[in-house]
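Residues per chain, in single letters:
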Amino acid sequence: MSDVSALSHEYQSSAKLAEELNDAIIAIKKARVHHRSGLNQEQRRRLADTLGAVRSRLANDEKAPGEVVPQEVVERLAGRHGSKMAYFLEDLSAAAALLSGATAPIDEKVVHLLDEICDVADQTASAMFRRLRRR
Amino acid sequence: MGHVLEPLLHDLAERFRFLEEELGRMSVPPEAEGSRKRIHQIATRAKARVDAILADPDVSRPDFAKNFYHTYKRLSELAQAIDEGPLFALSRFRAEDRFLTRVVGKACREFRYPEEPPICAAMSSQYYCAMIEMNLILVPHGEATHLLGWADLYHELAHFIVARNEVTVLRPLMDLVSSHFAKAIDEARRLGWSENAIGELRLFRGLWLGDWIVEFACDLLATFATRLSFAWSNLRLCARMSTDVFGTVKSHPADAARTQAILEMLVLVSDGKEQEFIEDRWRELVNTIGAVEPQSFQIAYPKSLLRDLAIQAKHSFEALGLKPYTSKEDHIADLLNEAWKLFQANPESYADWERTKIGELRNKFAADT
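Chains A and W, in that order, are what the protein sequence lines are. So that you can map any letter, position 33 of the first sequence is 34 in the working numbering, and since no number is skipped, the others follow by simple counting. So that you can map any letter, position 252 of the second sequence is 253 in the working numbering, and since no number is skipped, the others follow by simple counting.
Take the hints with a grain of salt, since some may be wrong.
What the hints assert, rightly or not - Taking lysine to aspartate or glutamate pairs in the EDC-like style, the calculated list, with each CA pair at most 20 Å apart, reads:
id, chain 1, residue 1, chain 2, residue 2
1, W, K74, A, E63
2, A, K31, W, D52
3, W, K251, A, E21
4, W, K74, A, D92
5, W, K74, A, D120
6, W, K67, A, E117
7, W, K74, A, D24
8, W, K67, A, E21
9, W, K67, A, D116
10, A, K64, W, D187
11, W, K67, A, E63
12, W, K315, W, E275
Hints were generated in silico from the structure; no laboratory data involved.
All chains, full assembly: derive it from the sequences and hints.
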């Protein structure tokens, strides 16, 4: 009824997305530094689904696959990429395709892309958290 | 470690230690015990996570710094949310909160709410609201003694269901919205609309896919579960609080559009008479206020989309196993419908009846204990 419930929902969705991406990035970085295995097949597939869902929302597809991406995350990413959106969509498709493969090494470009979306989800979650407290 | 995060993580570990201890030694009534246990477990897990980060040798590496900072922020927010929400509510859990929590629990069982019911505390300064992660509903102080707003509890319960079942409930609704606006934008281009007008369609699409769709889904679920009482409660809330029934804000769709969606769900779950009756009263209210529907209203909230959303939402709620309202004596939803009927028919004597009914409910809960 009040704005609190809607903000609470949006906070939870964006915080969940930020955590999912952040945990994956930490796992990938640890695998590189310590020369050990990183994400398993299921984790890679989930990550690919998430990127697919982000791509789909940015491209305004009529049917979006995967999880629900918070609208404010979509808007912030759209604001960042503006007229170069087509390139960003291409990068998302390529990263999702690479992650869908079971063994292909995750290169720096993919980590950078994950980092960027994670940053945006983190900023959105923090903004929602502050709005919930009227700060 | 010697990194900026180190002292911050120690501070956070101390906060979680405090929360863990407080929640661990707290004694609460049986209605709130499940919630206390759950939040205590969350605090314990979070404390363990902070300890693990403090012990992680990678935390001081520059290439990990931002990621561990993100983790720190989420955990910090969690500590604050526990402190300000459930810990605050549970440490002051009064008889009124206990009563409302039992009301919520009973309502949940009746419409087959699929999870552990949230606790409810009468300490809100923001009307009814849900703190989703904390499984907590807050309502204004006086609500334990007034029935007419209780249908809004179902709207708040819907927030938990929608947030935890986004793929089942929200995504099909979002697909309908996306599909509608994709077609509308194509059509606008074909008809040579100005870029500004097409931009307005994009703006509406963005608002719909943001907070609006969540609010519509919650209204539709509350109507599905209570039928008339939520429709009445919505009408009363619009009369009390609306500045412009056709006005739109980012977080909430226009009151008139929400009412239309509620009417669409009523068409699906009740007989036509009930829907007509509410619609007549709504028109009366709009005329009394003197509000005029703006030209863009039907573009932002097309009737066909609201109808499709109601149909899809009903399908999703049924797929989740939720039970639509059916008149059954002793059910909270039935009590609320009876309350609204009596209130409409005889507002002068309603307060006495309400006092008696709430007294009976309290006695029943006491006898069940």
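| query | For which of the previously enumerated hints does the structure constitute a violation, in increasing order of number? | reply | Numbers 1, 3, 4 and 11, in rising order.
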